[in-house]
Amino acid sequence: MATVEIKNVRKSYGPVEAIKGIDIAIQDGEFLVLLGPSGCGKSTLLRMVAGLESITGGQVVIGGRVVNDLEPKDRDIAMVFQNYALYPHMSVFDNMAYGLKIRGVDKAEIESRVAKAAEILELGRFLTRRPSQLSGGQRQRVAMGRAIVREPAAFLFDEPLSNLDAKLRTQMRIEIKRLQDRLGITSLYVTHDQVEAMTLADRVLVMNHGVAEQIGTPLEVYQRPASLFVAGFIGSPPMNVLDAVIDPSGQGVMMPGGALLPLARPRPSDANRPVKLGIRPEHLAINEDGLDTSPVLVELVEALGADTVVYGRLPDGEPLLIRMSGLPSCKEGDRLAVAPQPGALHLFDTATGRRLED
Amino acid sequence: MQRRVIFDNKLLPYLLLAPQVAVTLIFFIWPASQAVWQSVHIQDAFGLRSEFVWFENFTAILTDPNYVSTLRITAVFSLSVAVLSMAVALLLAALADAKIKGAAVYKTLLIWPYALAPAVAAVLWMFIFNPEIGSLGRLLNAMGYNWDYRLNGDQALTMVILAASWKQVSYNFIFFLAGLQAIPRSVLEAANIDGAGPVRRFWTITFPLLSPTTFFLLVVDMVYAFCETFGTIHALTHGGPGKATETLIFRVYQDGVVNNDLGASSAQSVLLMVILIVLTTIQFRFVERKVHYS
Ligand SMILES: Nc1ncnc2c1ncn2[C@@H]1O[C@H](COP(=O)(O)OP(=O)(O)OP(=O)(O)O)[C@@H](O)[C@H]1O
Ligand SMILES: [Mg+2]
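If you read the protein sequences in the order shown, they are chains B and W. With the working numbering applied, the first sequence corresponds to residues 1 to 358, in that order. With the working numbering applied, the second sequence corresponds to residues 1 to 294, in that order.
Pulled out of the complex, with its shape left as it was, chain W reads as follows (with noise of 0.2 Å):
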């Protein structure tokens, strides 16, 4: 039986609200106005006079061969990351949904680097590919492959790649173990007896059953891989070298904060709002077609 709750007074719902209602608005859409209210001017270098100027910024921008670049670097970074975590975690997530000894143990572990500070996380990383200390580079080097992110560009885009993935990768693995906990039994044990092995009852079971969960981290991913890796990169290799690792976001901050540049730096957090709108509305209307909802 469902009871529903009646006050008296009109004004406890809102009170109620209203821390919510004030975060957001504080920390959401004040800075998101900002930006846009920023991206449509300029500001003389000590930040004193701003000019309204249209879209002189979002034109300067777009033409910027730069710019380019680094779209498609942030588009090679955030597919690759959103990929590779979720191939590895479900991977993880498959076997540790089979029968193992200290499945405990090894769920508990997987979970830690979720819990890890991206710069700790990241001198990690370096300790492990730094060509003259780290174990990995060292390794390669004396193998007699040329290793040194600091000077290749594709090898330090290869380097934040894996770092950025191994840190999505134990959010992934929870969700995946709960999806494939979902499943029931006996649906796999059918396809068993039905002459499927596991293999073919992986692709043609399992994947299409977790595939509401395989959607969702699909766009937290990415969501995921355009804002929330500046700490992994700015820690690994501050955008280069050149430009080799500059993704969207990291230039967001090149701009605004150590270019002073804060028109062009709005109008590219603007630029990147509406991107991930983009990709998020053609995710949910494309992608989403094929998942099976249960």
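The following block holds chain B by itself, in its conformation from the complex (with noise of 0.2 Å):
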């Protein structure tokens, strides 16, 4: 067990800048998880503390040991890949107690490390099957089985659930919470799938175009979204951004239809400034009081079963999104007064893009 400390770290591909200095201690314990869209640079970040991607700039720390030199085998760390990597002409024993042969653990040992690690994974009856004859989760347990009995300093993962099925997905995830707290090594986990996120994460940092825009728990990251590809890219539906603008008196935000939204807290030194305003779909509520709200016009209604997404169009032309637990109450042709709760309103810099603190 151990801290990662990733300084300042910087990737090249010739003239593309990948990763363009992203800074962050992870904690011993601590379970990171790396979120961004495709293409953001999350593999090559992960790869760098891997150590299979050459480090451009900067400096990544394992243990208090700079390792920016060190070959992927000296810095004591595991890896599960999307691929799981298994090695095909290995047994499911053999794939576990490769690395620990490998290091010299004495053969009682190894054997012991890797029935237990079987025992936690379910995989007893498996030990002693090709990697071709298992299904893709079962791959996917060997494949944490092999990272589990090194006991490494530090776990990194790569989409490592990105390749099974919706039910089996959520399921390992589960099974992940469980072993890390169990286990409680530290880790550094990279997905798109937000969900993976918010609920395996101790603190999430989300990435776009090699940067960090956030670092936070994800509680944090879903009510303070610090940029608006923050507030765009966590929940689902996605927040619903307006162009609005700050009233005279700073008590409000006006709407472009003239509705005017109070504010948590006033802001008059930002009277009459351009902003962007964030209404996440679940802060809305159909105004039963029918006061002084835009009328939406609703264009489409998703029942979900549990919950209801109206599609609807604001008397400017603008989409918004409302997101209703329950069963619809609204159809298509309706028109909704709708409300946000209060304090649900995120006000962005319209040039940045970074959110304006209350």
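Heads up, some of the hints might be wrong.
Simulated crosslink set (DMTMM-like; lysine to aspartate or glutamate; CA at most 25 Å straight-line) [as the list claims (entries may be wrong)]: (1) W:K101 <-> B:E71; (2) B:K101 <-> W:E228; (3) B:K7 <-> W:E189; (4) B:K101 <-> B:E111; (5) W:K101 <-> B:D69; (6) W:K101 <-> B:E53; (7) W:K101 <-> B:E111.
From chain B, some residues computed to sit far from chain W (all C-beta separations above 10 Å) [said to hold, decoys possible]: (8) N8; (9) G21; (10) N68; (11) A78; (12) F81; (13) N83; (14) H89; (15) S135; (16) D247; (17) V309; (18) G317; (19) S325; (20) R335.
By construction, these hints were calculated from the structure, which means they are not laboratory data. Computed from a prediction, not measured in an experiment: that's the story for all the values here. C-beta atoms are modelled at their ideal positions from N, C-alpha and C, and glycine is treated no differently.
The two chains are supplied separately, each in an independent frame; assemble them into the complex guided by the hints.
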């Protein structure tokens, strides 16, 4: 077990800069999730920590030791790959024992460690099988087992669940969570699935174009997104973003249609400032009292069972998503008066997209 | 979706197969049966009469002490050619698989020897090994090593092994390179993270995963060494000095064409055929068990 520090790490492929300076210190035993869209550089960053990719600039420190120039084999880490990367010509037992044999662990110790991992992962019955004789979920578990038996300083995961079907993914996600609670090994986990990020992470690092947009606990990232990008990326369906202006008194935000939404904390210094206004679909409610709110035209209603998503349109033509719990109470062509819950407004700078702190 | 083509004409499929069947009949089945027929006959010196003699030709060959020595030479030659050409090809392929500058040029150059006619290749080797005009031959003699493959049988055998292997390296190289490139990079990365250095990765991961290719090439290279090295040996040593480089295939030619003993020559080619069949069967039975097919 150890800390993993990433200090101003950069990566260039020729003229292309894939990672543009990322800083984060992962605590001992912490589970950090790297979350971001495809191509943002998550795998690249992870592979630099693993030593599979050279580091263009900055430092990677594992357990207090700068590892920039160390081979992967000397970094005392274990990695779980997206395609599992099991050794196809070895039995499940040998797959898990390989790293231990190389490190000269004695035979009895190897057997006891593999047996223990096999028990945790319910692989006992498969130890003599080849990977090709296993299902996807079982292979996944062997890959986890191979990492566990090593008892490394840190675990690295590169989208380990993305090759599984939805049900198995949920099941394995819970298993990983349980393992992490039990073993408490420092982990760096790459995914583009926000549910995985929200459920597994102690902290999330949201990445975009090789830059860390925000680092925080899952709830912080959801409740106080640091930028428009994070706001749009986290939450499903995504946050509504509208063009708005702070009213002259600084007490509220003026919508394009003229409606005024009160701010939880007035910002007189920003009077008349144009802003991007973010409201999560689940924080909009149908306004029963018919107070002053924009009438929204309902274009499509998706009933998901537990809740309902309404695709609406504001008078000025802007789309607006509303998520309500329970079954639909409106239909296409209806006009609804909706209002945000108090304190549910997010303001962002129009130019930089950064959050305006309240 | 698969679609099956259905011909109304019952004759057409046979017509389409006919050329291949004809080639097989004319160039393989017919000469082979001729050889079998001749192997149980003795012809007079002018080829006018032939007499059915049962297995006399075979007993004559198998009791000939020279033939045993030919077998030994063939075994040494074939095994050396197969192992040497595969080892060199694997080394070159492993290097080509690594990220190097100019890899494309390097790969193309490695394939050239395959396109060279055996006689031309033999002349090139002569320019290297000839004790009077060959670069390496002269160097060896100048350094005090007594090099003359025209007098020393072991030296001659070494030289034909080198020449025959060299020609087969290209072929093996292509297959090994394709085999290496088919190994998922992440598996090797996983081994690296598990603590294996480059040499260990090669022997515990790469080599076992290459085993289907290695096995295939072993079979192909043995057949090559047995049957297709005639040109190389003929051009370089003529089977000499003495009979030091006379392999089975060369002796078939020697007895049949040069000594005009068609019966003995045919019996030898039948034996050669049997040996190859047995050898290949053994390879499939015993070596293939160790092969991992994914
Ligand atoms: N060998 C390379 N040469 C040039 N560019 C590369 C190379 N490898 C990756 N890149 C670029 O670096 C960027 C980051 O790639 P990376 O694989 O880290 O993305 P990712 O976030 O893991 O995406 P995904 O979710 O699709 O796996 C991409 O824009 C990619 O095109
Ligand atoms: Mg990736």
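> Any hints this thing doesn't respect? Which numbers, in order?
Replying inline: 2, 7, 11, 12, 13, 14
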